[in-house]
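J.: Listed in order, the protein sequences are those of chains A, B and C. Mind the numbering: the first sequence is residues 5 to 249 in our numbering, read in order. Mind the numbering: the second sequence is residues 8 to 331 in our numbering, read in order. Mind the numbering: the third sequence is residues -9 to 313 in our numbering, read in order.
Hints are supplied without guarantee of correctness; some may be wrong.
To be verified - Label-pair distances were calculated between CB atoms; the ranges are:
(1) C:A0 x A:Q90: 17 to 23 Å
(2) A:R115 x B:G85: 44 to 50 Å
(3) B:V60 x C:E139: 53 to 59 Å
(4) C:S204 x B:V60: 43 to 49 Å
(5) A:K221 x C:I18: 47 to 53 Å
(6) B:S87 x C:W211: 43 to 49 Å
(7) C:F307 x B:P121: 17 to 23 Å
(8) C:A0 x B:G85: 42 to 48 Å
(9) B:R206 x C:F302: 25 to 31 Å
(10) B:S176 x C:T44: 40 to 46 Å
(11) C:F302 x A:Q16: 37 to 43 Å
(12) C:L202 x B:R206: 35 to 41 Å
What the hints assert, rightly or not - Straight-line C-alpha distance at most 25 Å; calculated SDA-like pairs for lysine to any residue:
(13) C:K132 x B:S94
(14) C:K193 x C:M77
(15) A:K97 x A:V76
(16) C:K50 x B:K143
(17) A:K91 x B:D203
(18) A:K97 x B:S211
(19) B:K143 x C:A24
The set of hints was computed from the structure by calculation and includes no laboratory data. Model, not experiment: these values are computed from the prediction. In this text, a Cβ means the ideal position worked out from N, Cα and C, and glycines have one as well.
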Amino acid sequence: MRRFSAWYGGHQVLQSIDLDIPEHQVCAFIGPSGCGKSTLLRWVNRMNDSIAGARAEGSLALHGSDLLGRGVDVVALRRRVGMVFQKPNPFPKSIKDNVAFGARLHYRLTRADLDELVEKALRAAALWDEVKDRLGSPALGLSGGQQQRLCIARALAVDPEVLLMDEPCSALDPRSTASIEALIRQLRSNYTIVIVTHNMQQASRVSDTTAFFFEGKLIENGTTDLLFTSPTQKQTEDYVSGRFG
Amino acid sequence: MTSLPASTPFLSPRARPARVRLRAAVEWIIESILFLLTVLSVATTVAIFLILVRETWGFFTMRGADGQVLVPIADFLGDSIWSPLLSNPPRFGVASLVSGTLLVTAIAAAFALPLGLLTAVYLSEYAPQRVRSVLKSLLEILAGIPTVVYGFFALTFITPNLLQPLSSSFGTHSAMSAGIAVGIMILPIVSSLAEDALRAVPQSLRDGSLALGSTKAETILRVVIPAALSGIVASFLLAITRAIGETMIVALAAGGGVAQLTANPAAQVQTMTAYMVQVFLGDAPAGGVEYQSSYAVAFTLFAFTFVMTWIGALILRRYREVYE
Amino acid sequence: MTRPEASPTARTRSSHLVLVACALAAFIAVAALASLLLTIAVEGTGSLSWKFLTSFASRKAANAGILAPLAGSVWVCVICALVAIPMGIGTALYLEEYAKKSRLQGIIQLNISNLAGVPSIVYGLLALAAFVRFFGFRSGEKPLSFSIEWSELRVLAPGNPDSFWFVQAPFGSGVLAGGLTLALVVLPIMITASQEALRAVPKSLRQAAEALGSTHWQVAWRVTLPAALPTMMTGAILSISRALGEAAPLLVIGGFLMVLQTPTNLMSDFTVLPLQIYNWSGRPQEEFHRIAAAAIIVQLAVLLAFNALAIFVRQAFQKPLQS
Ligand SMILES: Nc1ncnc2c1ncn2[C@@H]1O[C@H](COP(=O)(O)OP(=O)(O)O)[C@@H](O)[C@H]1O
Ligand SMILES: [Mg+2]
Chain A
5 MRRFSAWYGG HQVLQSIDLD IPEHQVCAFI GPSGCGKSTL LRWVNRMNDS
55 IAGARAEGSL ALHGSDLLGR GVDVVALRRR VGMVFQKPNP FPKSIKDNVA
105 FGARLHYRLT RADLDELVEK ALRAAALWDE VKDRLGSPAL GLSGGQQQRL
155 CIARALAVDP EVLLMDEPCS ALDPRSTASI EALIRQLRSN YTIVIVTHNM
205 QQASRVSDTT AFFFEGKLIE NGTTDLLFTS PTQKQTEDYV SGRFG
Chain B
8 MTSLPASTPF LSPRARPARV RLRAAVEWII ESILFLLTVL SVATTVAIFL
58 ILVRETWGFF TMRGADGQVL VPIADFLGDS IWSPLLSNPP RFGVASLVSG
108 TLLVTAIAAA FALPLGLLTA VYLSEYAPQR VRSVLKSLLE ILAGIPTVVY
158 GFFALTFITP NLLQPLSSSF GTHSAMSAGI AVGIMILPIV SSLAEDALRA
208 VPQSLRDGSL ALGSTKAETI LRVVIPAALS GIVASFLLAI TRAIGETMIV
258 ALAAGGGVAQ LTANPAAQVQ TMTAYMVQVF LGDAPAGGVE YQSSYAVAFT
308 LFAFTFVMTW IGALILRRYR EVYE
Chain C
-9 MTRPEASPTA RTRSSHLVLV ACALAAFIAV AALASLLLTI AVEGTGSLSW
41 KFLTSFASRK AANAGILAPL AGSVWVCVIC ALVAIPMGIG TALYLEEYAK
91 KSRLQGIIQL NISNLAGVPS IVYGLLALAA FVRFFGFRSG EKPLSFSIEW
141 SELRVLAPGN PDSFWFVQAP FGSGVLAGGL TLALVVLPIM ITASQEALRA
191 VPKSLRQAAE ALGSTHWQVA WRVTLPAALP TMMTGAILSI SRALGEAAPL
241 LVIGGFLMVL QTPTNLMSDF TVLPLQIYNW SGRPQEEFHR IAAAAIIVQL
291 AVLLAFNALA IFVRQAFQKP LQS
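Put together the whole structure using the sequences plus the hints.
T.: Written out as structure tokens, the structure is:
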């Protein structure tokens, strides 16, 4: 992305961001609340389209193709760029129907294909063993951590290239968090993952590169090791060492 | 009651404590009065039920000059002809009246349920804020119009301007005309309650669906409507209940006192409610078999609406999805 | 193995179709309202006149007016309001502030929501038995009658029908029975609206008052009720406008369609606007349809005034609470 800025109504939230996100790696966005991380993430798959007054300038591209133009098919885009939200939001349907939801939209599948796809996606999200006996039961009956992994499975089932995760663990207990972190590390080989997190340890545990945002600006960006051990900017150092935020 | 300290730093020494015992008595009296009011309010259902049962019993045990029961329950339920005046002996097959009610209700539902749901979807998912508030107040006006006005509308607009140009088989009165008018009457019930149900679906579910690459319509059809289904079904049931019990529209527009077992929308029909109007407006002598039959009809009507309301409450309680 | 579903652009296009269908449905609803109002305006405005408002019904449409139903509507709605509003609020207060959350309360609640589904004509049957006939009290005889003469502080029996304070037992189908009938019909609405108003009062407000040592009733009367009152008033006005439009239950208890006087006391015969509209609409002659439409205009004007009052009340009373 180049010189990317975003507004909600008259209120500018992001200022001229320049950032490259490497393929098949995990990139973490960190920064204090309200600095615009979610906003940036939601622009990448155009989730902000449905918010009245949201607008953006600059350029945002995936493999060189522009994402912001009016002609972009957001439906096709979102198939390539999946998203997992802060709070698990499974549909009030069965576990299987949740996973199959996206695939049913995009493909015509035979029953056997669908079953296979559901199993693969649930395995990829490390949930298969826990739910394989009750695929037909309601998804809302799962625990919070399971629900979040279900949401990840749901996103993986449409086979995206990029997975955006907005604080996927902030509503979860430590054990569920650990299992999702393990999952993210596994998924890295096949997907490009962008994860927003408030948790410095988490960022250092799961990510390859980290971008630090402050008040709508990108302050620093680099490999996670470097950014945490020898930050070049004062603000970054203060933030990662826990002096504010 | 604890006694107050003789004085407190904030209180003038002349202040006297409130009369504590009197206060307790007042509390008791007020609670009793409120309780009595509640009992009285609730007693109306019981009273309605008892009166209907007693009078309906009276109807089925009426005996003619020859000592025979005039209208056995089997005839009431099994006979297909309702003709208390014109045939001799009079025939009391409630099926004709029930079919009239169901025909009008079915027409109204076919018109109002889809239209009301679509309107609700438009209000909740598409309409810009300003359009939404204007539309909602217009629907509120529609909801506030007395039903007799819809009856007038059926006779002076729906029949001559919509139905008669369509087919010459429509006379002044028809099930279709009444059904459409009843449909317009229940439309705002569906649209407003279904909209409430749709808006109660959390935004996060819509986001989740859109993020998987579904279009807005797919999100609505596959996520939002299923998630709001219990509320939507409850709104349908309430609307149907209202259609079944609607009186003035059908009394004006559905037919001139001819009950018949038919599914033809162009036919004249008599509903349960319209029959009751006919009895109470006419000069059927109180206590006569015709007069008494209106109670058996009322009981049937009450049973229909009671079951509908009960199912609605059950669905809401059993299947309501609660979102934070 | 898998075939792609219709292309994304085609899906987007069919998504627009759904929008069009929904907008069309909303448009049809508006069109129905517009054609209804237009029909009434076209048919009715010609017959509206001062004379129409101040004459009694007549066999000739040209001479007919709505004085009797207008007066009757006012009488029964005032009685209905005086009964239904305090009873509705009282019941709601008991259910929300006093009743333990018990099985019994659940049953009562279910009962009230069931009542709201009972067709209004069925209430007419109850009212006929209870108010008009007193469940058969003195049936076949002349009703007991008496009147109160305040000037002499005496109860006179048999009463003087010219007096305002003239009462019969059973009531017969006079305005008192009519008002009570409508009260039965709107009571569930009034109760539910008041309950919702009470529930909307924040718990913290109540707890604050309780912490100061107020008794149960003092909290209800001085804290909860005033806070809930604007919403309750809106509910009350909606209930009364419902009562203003009811015809079926009144038709069951009396069915006076041709009344040639305005009520003078609680036992007077009456008719109401919706009944008059019913009567005129049902006749085949076009002239009567025109005066029916004129009566509808008056009816809608009264309702509109009532609802304007509801909006005014809501705004006038809500400000001090919010700021
Ligand atoms: N829908 C919205 N409408 C208006 N302002 C918003 C909206 N969402 C977020 N904002 C504002 O945008 C800024 C950035 O928010 P966000 O991107 O959610 O921050 P972060 O995720 O980093 O905590 C905040 O100041 C927030 O108040
Ligand atoms: Mg955020």
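J.: With reference to the structure, classify each hint as holding or not holding.
T.: Checked hints:
Evaluation of the 17 to 23 Å hint for A0 of chain C and Q90 of chain A yields a failure: the beta carbon distance comes to about 33 Å. A hinted range of 44 to 50 Å holds for the C-beta pair R115 of chain A and G85 of chain B, which are about 48 Å apart. Between V60 of chain B and E139 of chain C, the C-beta spacing of about 43 Å breaks the proposed range 53 to 59 Å. At about 46 Å, the beta-carbon gap between S204 of chain C and V60 of chain B stays in the expected band of 43 to 49 Å.
Against the hinted window of 47 to 53 Å, the Cβ-Cβ separation of K221 of chain A and I18 of chain C comes to about 51 Å, which satisfies the hint. One distance hint, 43 to 49 Å for the beta-carbon pair S87 of chain B and W211 of chain C, is violated here, with the actual separation near 60 Å. A beta carbon spacing of about 40 Å between F307 of chain C and P121 of chain B contradicts the range 17 to 23 Å that was offered as a hint. The given range of 42 to 48 Å is broken by A0 of chain C and G85 of chain B, whose C-beta atoms sit roughly 56 Å from each other.
At about 27 Å, the beta-carbon gap between R206 of chain B and F302 of chain C stays in the expected band of 25 to 31 Å. Distance hint check: the CB atoms of S176 of chain B and T44 of chain C are about 44 Å apart, consistent with the given range 40 to 46 Å. The hinted range of 37 to 43 Å is satisfied by F302 of chain C and Q16 of chain A, whose Cβ atoms lie roughly 42 Å apart. Here the CB-CB span from L202 of chain C to R206 of chain B is close to 38 Å, well matched to the stated 35 to 41 Å.
For the given pair, K132 of chain C sits about 36 Å from S94 of chain B by alpha-carbon distance, which is inconsistent with the 25 Å threshold. This hinted pair checks out: K193 of chain C and M77 of chain C have alpha carbons roughly 24 Å apart, not beyond 25 Å. Between K97 of chain A and V76 of chain A, the direct Cα distance comes to roughly 31 Å. Violation of the 25 Å bound is thereby established for this hinted pair. With a C-alpha separation of about 41 Å, the suggested pairing of K50 of chain C with K143 of chain B is violated against the 25 Å cut-off.
Among the hinted pairs, K91 of chain A with D203 of chain B is consistent with the structure: their alpha-carbon atoms are about 23 Å apart, no more than 25 Å. For the proposed pair K97 of chain A and S211 of chain B, the alpha carbon gap of about 15 Å is at most 25 Å, so the pair holds. Distance restraint check for K143 of chain B and A24 of chain C: the Cα-Cα separation of roughly 14 Å lies within the 25 Å cut-off, and the hinted pair is therefore satisfied.
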